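J.: Sequence:
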Amino acid sequence: MIEKFTETLHNQAQSFLNQVFKDLKSTSINIDEFELDHICYRVETNERYQELKIIMQEISNLISENIISNRAISTFKLNQPIEYQDRDIWVIEIPAPKEGSFYTEGFEHAEFVINQELHSFMSLYPDVEFNTKSITKAINPEISLKLRNTKIKFHEMSLERVCQIEDQQ
Numbered sequence: 077m078i079e080k081f082t083e084t085l086h087n088q089a090q091s092f093l094n095q096v097f098k099d100l101k102s103t104s105i106n107i108d109e110f111e112l113d114h115i116c117y118r119v120e121t122n123e124r125y126q127e128l129k130i131i132m133q134e135i136s137n138l139i140s141e142n143i144i145s146n147r148a149i150s151t152f153k154l155n156q157p158i159e160y161q162d163r164d165i166w167v168i169e170i171p172a173p174k175e176g177s178f179y180t181e182g183f184e185h186a187e188f189v190i191n192q193e194l195h196s197f198m199s200l201y202p203d204v205e206f207n208t209k210s211i212t213k214a215i216n217p218e219i220s221l222k223l224r225n226t227k228i229k230f231h232e233m234s235l236e237r238v239c240q241i242e243d244q245q
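Residue numbers for the sequence shown follow our numbering, so the first one is 77 and each next one is one higher.
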């Protein structure tokens, strides 16, 4: 069962990332130099969230589980990365569903760590309409971009580092 889940996870990640990079080509954003830090896998129910937490611990280490926006979010570091083109993705984030919200199970967004301040990054792409509602977050501010079929977020710090900081508080 674990091998089948791992294979399915990797196959779904490949399809999702193909779409992410295809969607990104419709923008002027150059992400070649940025780390693809992690990808987010959504679930429909709290029961599925608990089930996946157990399964994921067979193929990864639980880095962190915190309550954020009134629901649990688990962050896992894979034992073997998801390889995509010249990138290795080691981290998967799995949030429990928010109460009152519906999510289809599967990968929802990819997050990149950029090598500059968010405002500076946005100024390079004046033609792109970034969502900045989370740019003032105290820990790990972000900007995001909803594209045709995917969502991309940009941060200044890796999720693994954010988890370390949160665990120290």
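Quick caveat, the hints were computed from the structure, so don't treat them as lab data. Check before you lean on any hint, since a few could be wrong.
To be verified - Distance windows between CB atoms, simulated:
(1) 214 / 121: 17 to 23 Å
(2) 163 / 134: 36 to 42 Å
(3) 179 / 142: 37 to 43 Å
(4) 236 / 146: 22 to 28 Å
(5) 244 / 91: 22 to 28 Å
Unchecked claim - When the alpha-carbon atoms are kept at most 20 Å apart in a straight line, the in silico SDA-like pairs for lysine to any residue are as follows:
(6) 153 / 238
(7) 227 / 173
(8) 222 / 178
(9) 209 / 185
(10) 153 / 98
(11) 153 / 224
(12) 153 / 178
(13) 213 / 153
(14) 213 / 104
(15) 209 / 219
(16) 153 / 83
(17) 229 / 182
(18) 229 / 190
(19) 229 / 83
(20) 174 / 229
(21) 209 / 226
(22) 98 / 86
(23) 227 / 83
(24) 129 / 220
(25) 98 / 149
(26) 174 / 220
(27) 229 / 78
(28) 227 / 129
(29) 229 / 173
(30) 174 / 120
(31) 174 / 198
(32) 213 / 178
(33) 98 / 120
(34) 129 / 104
(35) 229 / 145
(36) 229 / 129
Predicted, not measured: the structure shown is a model, and the values here were computed from it. A virtual CB, placed ideally from N, CA and C, is assigned to each residue, including glycine.
J.: For a quick check of understanding: which of the numbered hints are violated here, in increasing order?
T.: Checked against the structure, the hints that fail are numbers 1, 2, 3, 5, 10, 11, 12, 13, 14, 19, 23, 24, 25, 27, 28, 31, 32, 33, 34 and 36, while the rest are satisfied.
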